[in-house]
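*Asks:* Quick note, the sequences are listed as chains F and Z, same order. Following the numbering used here, the numbering of the first sequence begins with 1201 at its first residue and continues without gaps. Following the numbering used here, the numbering of the second sequence begins with 1201 at its first residue and continues without gaps.
It is possible that some hints are incorrect.
Same chains, same names: a pair is fine if it fits in one copy or spans any two.
[What the hints assert, rightly or not] With a straight-line cut-off of 30 Å between C-alpha atoms, the simulated DSS-like cross-links for lysine-lysine are:
{"#": "1", "residue 1": "Lys1275", "residue 2": "Lys1519"}
{"#": "2", "residue 1": "Lys1246", "residue 2": "Lys1330"}
{"#": "3", "residue 1": "Lys1284", "residue 2": "Lys1337"}
{"#": "4", "residue 1": "Lys1265", "residue 2": "Lys1446"}
{"#": "5", "residue 1": "Lys1286", "residue 2": "Lys1337"}
{"#": "6", "residue 1": "Lys1265", "residue 2": "Lys1408"}
Read the hints as simulated data drawn from the structure, not as lab findings.
2 protein chains.
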Amino acid sequence: MKSELDALMQARNLDAFIVFGNAEHNPPMTYLTGGGHVSHATLIKKRGEEAALFFGDMERDEAAKSGLKLIPYSKYDMNALIKKSKGNGLLAAAMRCQLMLEDMGVTSGRVGVYGTYDLSAIFGMLSRLKKLMPALKFVGEAREDSIFMRAMETKDEAEVARIRRMGKVTTDVVGKVADFLTSCDVRDDEVLLNVDSSALTVGDVHSKIRLWVAEHGAELPSGFIFSIGRDAGVPHSVGNLTDLMKLGQTIVFDIYPAEAGGGYYYDFTRTWSLGYATPEAQALFDQVKELYDHLNDNFDLNVPFKHYQQMACEYFEGKGHQTPLHTNAPVEGYVHSLGHGVGLNIHERPFSGLMNGDDQRLAPGVVVTSEPGLYYPEKGMGFRIEDTLWVRPDGRMEILAEYPYDFVLPMKKWVSKK
Amino acid sequence: MKSELDALMQARNLDAFIVFGNAEHNPPMTYLTGGGHVSHATLIKKRGEEAALFFGDMERDEAAKSGLKLIPYSKYDMNALIKKSKGNGLLAAAMRCQLMLEDMGVTSGRVGVYGTYDLSAIFGMLSRLKKLMPALKFVGEAREDSIFMRAMETKDEAEVARIRRMGKVTTDVVGKVADFLTSCDVRDDEVLLNVDSSALTVGDVHSKIRLWVAEHGAELPSGFIFSIGRDAGVPHSVGNLTDLMKLGQTIVFDIYPAEAGGGYYYDFTRTWSLGYATPEAQALFDQVKELYDHLNDNFDLNVPFKHYQQMACEYFEGKGHQTPLHTNAPVEGYVHSLGHGVGLNIHERPFSGLMNGDDQRLAPGVVVTSEPGLYYPEKGMGFRIEDTLWVRPDGRMEILAEYPYDFVLPMKKWVSKK
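Chain F on its own, in the form it takes in the complex:
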């Protein structure tokens, strides 16, 4: 949680940190400012002291929403710095950053560097700043183990409420999609039809998904997945927009809406087969669902997350599938890890990969996905079930948005002629 940041800084021997970039789609900045449309901002915090947000004057109203100590960039005469640097933009930026750090009392020690932003500009600026402030050492951290990823790993109730709200958006949209698909007319060749009798494509469904998410004022990363047949068998294929929607094929629908501006996410997957399922598909789905339920029955407080990845691999290998346990980067079978934390990052701590440390646990306050799956692109099928779960302070695991797991969705206006 945010309150851990000072202790994390101490543990990493960081005297201060600096976060660059916009307050949107920039998790460390969003975490500290709460969002708002503040572009090209800078946030500096000395250990044990209040953070300050440096911002462009035109965005003062948005900056004020952060509740942080505010310092406008106009305090620093950029035109004079550009002259002094003889027009060298990176040097001028470094000179301004030096003034900002000095204003915050950061003149020596180790300074962590964070933010999602233009790598080139910041790398170039820091190269020059190091020469201007030789008593500072700028430090980067591994993405999955930074002080922010550590602090963000456990959520407070307000954060869980925001994730839960996105869960409600998700299941509302998924319900609308299911209702829409099962209401379609069906051609003799089992292709679904639009109301104008044209063939329904994956692209048509993508448009409706985007629209229904937008109705909630939420944001839908364009990498969301609604794919059918072979594409459903490739875990991260978003779906071929021209594929026709047909009965009896596996559909993987993986959707992770976020609060507008890059806030908290929810992550969710269902696998469907419209009208009927082939026996082979039904059997593979049943394996995924059996494992999914088995995991839910076994999740336990403070157990390392990778323990359940091991469990999933062993289960699937017992059914004859390849898994990462004994195959390097499999492309068939169970090809990914069981889950990940969800918050301001769609993928964050704790991670469940077999190589991860025992410290990535189902600790109270973490919010994780459980998403076992099976993939057979050559057979034209794929399967995944995913919910987002909160490890409550009382140790119970709670699915943050309930939704049925049905594989075969009966068509309202179609009857099998077989």
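Mind docking chain Z on chain F? Use the hints.
*Replies:* Same frame as chain F, now just chain Z:
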């Protein structure tokens, strides 16, 4: 244009470059890959040679859409590298990056670093990579002057077509908003009403804007502006969601939709007053419109863009307003610069600030905004007119999406009782 990259690398004495991050919301990566949902990718290009895209195996279908030479990360045994690095994630990442660079024949010289991505992870990784490959010098560039910003400055016809398509989305949505607002019922106190007779808020209008943009499958950055009254007088205030929509107040509507996944933008602003305008507002609007037209009449091929900022400042100072020409960071009057390039970045070269160089010109192929404005937050009013224009190869300036400039929008069901 993209074809200039090798020459730009040569001019900057870059032997290679490396781009980090996702293929979405990451202009250099999108520029080179064409988009597609490829997360945590790396792209390496040696000067004069073909670029290669390194990608996670699960995203092979998305990576293939780029048409680039493809190398899956699975070629490198990350588990072995993690062991070799004794679990130091940043060192393991640096060791993998070394193998990737060596595979591309990049073993000495200057390497440009680009991309919008996690600063901490890349800064930390590069610190270690420098020690592993001391013959390489990693180089950052100023954001507004990088080889990418230079290459992107002039667009080919295919890029202009994509921007024009976003222009059509924009004007379609703006037309719907105008039609919706002018169709509303109006209360005696001049507040607009929803169909359920509740007062119409700025937030209600924001929701409709988001929905109508989503209908086109486009993306709307959450910093879009639809604001009324005082907020319209603060150029980058997105609008207070609880403000009531009223007649006779200035509305600034600044909208910049992009292709889904962070592609090409269009940038557009209109200022409206519903039902009627106060004489003071009408007079200020007329000044902005007169200057806007005057600029259009005077734009000329290859003239430095800042020349027109100078023209705008002189015009507004002649009318008694503060401008950046003689006031440092004004908060009233004309408070920003005239325009900017538009492409994969909402703000890119050429820039029009008075401090910018003469090389930022209206060269053939650039796409720029022209957006004069006046801001008086204390008077509760603001004004801006903005279109996106293409400098055609024949030297003509073309507005890429036509839309009327009317300030007062007559209400369909309201008649003044005055």
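*Asks:* Give a verdict on every hint.
*Replies:* Right, here's what the structure says about each hint:
With identical chains, the CA atoms of Lys1275 and Lys1519 are at most 30 Å apart between copies only, with a shortest distance of 28 Å across copies and 66 Å within one. Taking CA atoms no more than 30 Å apart as the test, Lys1246 paired with Lys1330 passes in both settings, with 18 Å inside one copy and 28 Å between copies. Taking CA atoms no more than 30 Å apart as the test, Lys1284 paired with Lys1337 passes in both settings, with 25 Å inside one copy and 26 Å between copies. Taking CA atoms no more than 30 Å apart as the test, Lys1265 paired with Lys1446 passes between copies only; the shortest distance there is 25 Å, against 49 Å inside one copy.
Proximity of Lys1286 and Lys1337 under a CA criterion of 30 Å is satisfied in both settings, with 26 Å inside one chain copy and 24 Å between copies. For the identical chains of this complex, Lys1265 and Lys1408 are inter-copy neighbours only, at 24 Å across copies versus 33 Å inside a copy, given an alpha-carbon limit of 30 Å.
The structure shown violates none of the earlier numbered hints.
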